Amino acid sequence: MITAEVIVDLIKNLPTPDLTHTSGSLQAVATKVLPPELADKETLVFVSKMEQLETALKAQAPIIVAHKSLSIPQDVPATMFSTPNVQLAMAAILPLFDGKMNRFNQEQKIHPTACIHETAHLGENVCVGPFAVIGEHARVGNYATIGSHAVIEPFAQIGDHTLIHPQVFVGAHCEVGAHCELHPHVTIGADGFAFAPTREGVHKKIPQIGKVVLGDWVELGASVTVDRAALTETRIGKGTKIDNLSHVAHNVVIGEHCVMAAGFKVAGSTKIGNHCMFGGDCVVTDHVTICDKVMVGGRSGVSNDITTPGAYAGYPLEPLRDNMKTLVSMRHITRMKKEISRIAKHLGMKEEE
Amino acid sequence: MITAEVIVDLIKNLPTPDLTHTSGSLQAVATKVLPPELADKETLVFVSKMEQLETALKAQAPIIVAHKSLSIPQDVPATMFSTPNVQLAMAAILPLFDGKMNRFNQEQKIHPTACIHETAHLGENVCVGPFAVIGEHARVGNYATIGSHAVIEPFAQIGDHTLIHPQVFVGAHCEVGAHCELHPHVTIGADGFAFAPTREGVHKKIPQIGKVVLGDWVELGASVTVDRAALTETRIGKGTKIDNLSHVAHNVVIGEHCVMAAGFKVAGSTKIGNHCMFGGDCVVTDHVTICDKVMVGGRSGVSNDITTPGAYAGYPLEPLRDNMKTLVSMRHITRMKKEISRIAKHLGMKEEE
Amino acid sequence: MITAEVIVDLIKNLPTPDLTHTSGSLQAVATKVLPPELADKETLVFVSKMEQLETALKAQAPIIVAHKSLSIPQDVPATMFSTPNVQLAMAAILPLFDGKMNRFNQEQKIHPTACIHETAHLGENVCVGPFAVIGEHARVGNYATIGSHAVIEPFAQIGDHTLIHPQVFVGAHCEVGAHCELHPHVTIGADGFAFAPTREGVHKKIPQIGKVVLGDWVELGASVTVDRAALTETRIGKGTKIDNLSHVAHNVVIGEHCVMAAGFKVAGSTKIGNHCMFGGDCVVTDHVTICDKVMVGGRSGVSNDITTPGAYAGYPLEPLRDNMKTLVSMRHITRMKKEISRIAKHLGMKEEE
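Chains as they are written, first to last, in the numbering used here: chain A, 885 to 1237; chain B, 885 to 1237; chain C, 885 to 1237.
Treat the hints as calculated values from the structure; they're not laboratory data.
Everything numeric in this text was worked out from a predicted model, so none of it was measured.
Careful, some of the hints might be misleading.
Stated by the list, open to error - Quick list of in silico lysine-lysine cross-link-like pairs, BS3-like style, CA-CA up to 25 Å:
| # | chain 1 | residue 1 | chain 2 | residue 2 |
| --- | --- | --- | --- | --- |
| 1 | C | Lys1229 | B | Lys1234 |
| 2 | A | Lys916 | B | Lys916 |
| 3 | C | Lys1222 | A | Lys1222 |
| 4 | A | Lys1234 | B | Lys916 |
| 5 | C | Lys1234 | B | Lys1209 |
| 6 | B | Lys1222 | A | Lys1209 |
| 7 | A | Lys984 | B | Lys1222 |
| 8 | B | Lys1155 | A | Lys933 |
| 9 | C | Lys1234 | A | Lys1209 |
| 10 | B | Lys933 | A | Lys1234 |
| 11 | A | Lys1222 | C | Lys1209 |
| 12 | C | Lys896 | A | Lys1088 |
| 13 | C | Lys942 | A | Lys1229 |
| 14 | B | Lys933 | A | Lys1229 |
| 15 | C | Lys1088 | B | Lys916 |
| 16 | A | Lys1089 | C | Lys1122 |
| 17 | B | Lys933 | C | Lys1088 |
| 18 | A | Lys1229 | B | Lys1229 |
| 19 | C | Lys942 | B | Lys1229 |
| 20 | A | Lys1088 | C | Lys1222 |
| 21 | A | Lys1088 | C | Lys1155 |
Chain A with its partners taken away, still in its complex shape (with noise of 0.2 Å):
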């Protein structure tokens, strides 16, 4: 339950004025949150369109937040809110109502199952969950959870603030970044893939001796993988953000502030800039480059360096623009075939081999 009130004081403290209160109590009160349609007299309400503010006032939703390019009817009975950018004013509000951290409350911060190394550092207020086991000389950060069953590998850091849901593998000497956030059953620090094929075609195992270095901010979806480098360090930038199912080979290096949806696949050494965006299923090949600021449309393969920011789309790659007339194309060869033969017999020309 919060009121109105308590989003005026976290105006106050949000680093842009994103958000601002237009009209109404400020003992506002809502207990949830809910799209328009499903709005009762307790529900905070996100508008973007006319019709949605309509329903949210149909539904006497107490508080409404609304882009600012809609016009408010006077003397309307909720307390409105005006952003100029509505996801970011979810971003901002929807933490009061998130219930996230709950799921790790405990008697004890420290859950007595929790098997911890005696040389392990723990930093301030851990939190470590039933049956979590940390390594020899593994360091947690202050304010870090540590899920339950979670595996935290000898010498490997989680940062401060950084929240391990259950199940989660961090392999020994990784590295995870401050307020990371790795969903259930992420694999950070397995072998990378590489095998030395001998003359009769066994393959030799090559040690992967590497590790996994997260910046700050990177969150992970369930199930990602992350392989540790041959030698080095496989690297995922500052906020850079990878959804369920993804997986990034060993040696790999990725940017700040990327965003790859589900089943994002790249294979080994490749380099990807900064502020990328991935469309989901995409697969990058190994040892290319990309630089900063490219958009790749989902299900799309990179197979060769890109070295021009821009949207790209398909496989083979191209241009974003070229690619939607390619598949527009595409769902014509049979006619086309057709029509070549036609041609060509129209000519009297015989078909070439």
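Let chain A serve as the given structure and place chains B and C on it in line with the hints.
Relative to the frame of chain A, chains B and C by itself:
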């Protein structure tokens, strides 16, 4: 070890009479089920072709379940059953040979190492494996099984008779129906992937305060991930089955009795109807709607609404029939390209840019 | 810390003489291995190009392993080794620097929190981590390591010297060979995906009563899933390596010494020969047969039998050489479409439907 009599008893309890005892002693005994080519004197065999029947008879298989189209020789020594649908007969009979529940045998139904919050509610005859964690106010239905190392977070609900395999994660407030089966490393209720970009290109997390709701009889393969909704519910309907390493994003609604083969990925807020089927490695983009009874071939990409039931395939998606032609034509594209040049040259036409 | 002498001793035990000490003191000492550009006075360096050798010498690397084609300057201060195959030399030498087994160090070989059934059989020198669960009649071979939170279900078998990383699942009755390595979150023996549709469109589960059998020296990456067979065995042959987030369906038989890069998916009952290689994100349909020594490029889809060894790629699959042309031609498809229209118009031909 079972006798033919046990099968006869089983038939009496089947809702539809898909299986008939046609000849032979009810005292016949089988200790295992194998394909005809591996059968011996202790094997129950399912056969749908005449050669298989001959192989089974030669191997002296004691019990044979044959498709009703096969003409059974007189005086066969085996005990014979007849069925119009061999697969359904397998679904009916194989449970007699399935030792799966034995895996969860232990001296005490609730393993003494399990960590169960005092406010959690466990139904009758619940089995909880070693090191399982069940959070505050979580509810586990009657005859449900919670495998070792599974994590059922606070306020989550598990329906009656549901089987949660080891190392599964069910996040706070998520609801799993009755008679469901979740295979190892499934993640229910990780955060949806949602970030609000600032002007500086930094991605602010939008907290995901919704949940996941799975209907009854849902089965999810190993390492499947289903994200919680932003505000409301990500839903998978009754009887839907999703294979390994699949991903269901936040706010997605999947209908009833769908089947998705391995590697299925569906992006946020998409709606899929009832009785849909997807071949392996399909991708569905965000915010599209797919009607009931749609069949999509393997490796396809769905990026627009589908409003007519039927079979589709490809990327871009086409009716299956057209896509089969497209795949054939694609192998000719290089020849087509040459042919166009040849014709243009023949006509004395210059190439256009 | 190792001396050059240790490497000389190692060479004596190599089956093939792929490494020779060519000059310098056997007392030379290295404490780590890094690429040439990061080397210092304590680094062992592998070099395959002249520039790398120069960089390593400038950095005063104490031990250098060089490809035999490089001409080594006289009087180099480093201790030099020569090899015809740098990768194999890495495979031989890096184990000296690989601290992986230290991750599993603990005061007692069998961690006191591990939950081991009294009927389970553990070989000599077995290491079992915290909270591992080993079921009734399971067998763990000599010198095997069972990581923390791993679950080895009843009647499963783990071969000698096999390394099971934390959080791995090995289902009942499944067999893992000797010298295998299973990375975190691997699932061996989840149910195959098999349902019998009724006339009402409901999918009845067909119990999967078979198992999984992995040969010796198999390595599976993080979150790989291998389903148990319907009745018999899903098999992966000796020496085969499969990268992260791959899926092997029920009844599949994969031969020996294959290599599958990340995201590999193979559907039910398919047979793959020996010495096959698949690039990343390949998909193989069900019930096909692939002969020995087939190489398939990344992102390919195999939907028919392959009966001739060789290199293939694409979807539909083509010989690699043809597919490279197809990929080039595809970028021209929009231009081709226009060109066909232009020609038809030039000829006064009407478009056909």
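For each hint, the structure was consulted:
{"no.": "1", "hint": "C:Lys1229 to B:Lys1234", "verdict": "holds, 14 Å"}
{"no.": "2", "hint": "A:Lys916 to B:Lys916", "verdict": "violated, 55 Å"}
{"no.": "3", "hint": "C:Lys1222 to A:Lys1222", "verdict": "holds, 15 Å"}
{"no.": "4", "hint": "A:Lys1234 to B:Lys916", "verdict": "violated, 63 Å"}
{"no.": "5", "hint": "C:Lys1234 to B:Lys1209", "verdict": "holds, 23 Å"}
{"no.": "6", "hint": "B:Lys1222 to A:Lys1209", "verdict": "holds, 21 Å"}
{"no.": "7", "hint": "A:Lys984 to B:Lys1222", "verdict": "violated, 61 Å"}
{"no.": "8", "hint": "B:Lys1155 to A:Lys933", "verdict": "holds, 22 Å"}
{"no.": "9", "hint": "C:Lys1234 to A:Lys1209", "verdict": "holds, 23 Å"}
{"no.": "10", "hint": "B:Lys933 to A:Lys1234", "verdict": "violated, 48 Å"}
{"no.": "11", "hint": "A:Lys1222 to C:Lys1209", "verdict": "holds, 21 Å"}
{"no.": "12", "hint": "C:Lys896 to A:Lys1088", "verdict": "holds, 18 Å"}
{"no.": "13", "hint": "C:Lys942 to A:Lys1229", "verdict": "violated, 69 Å"}
{"no.": "14", "hint": "B:Lys933 to A:Lys1229", "verdict": "violated, 48 Å"}
{"no.": "15", "hint": "C:Lys1088 to B:Lys916", "verdict": "holds, 21 Å"}
{"no.": "16", "hint": "A:Lys1089 to C:Lys1122", "verdict": "holds, 14 Å"}
{"no.": "17", "hint": "B:Lys933 to C:Lys1088", "verdict": "holds, 22 Å"}
{"no.": "18", "hint": "A:Lys1229 to B:Lys1229", "verdict": "holds, 15 Å"}
{"no.": "19", "hint": "C:Lys942 to B:Lys1229", "verdict": "violated, 60 Å"}
{"no.": "20", "hint": "A:Lys1088 to C:Lys1222", "verdict": "violated, 52 Å"}
{"no.": "21", "hint": "A:Lys1088 to C:Lys1155", "verdict": "holds, 24 Å"}
Hint check: violations occur at hints 2, 4, 7, 10, 13, 14, 19 and 20; the rest are consistent with the structure.
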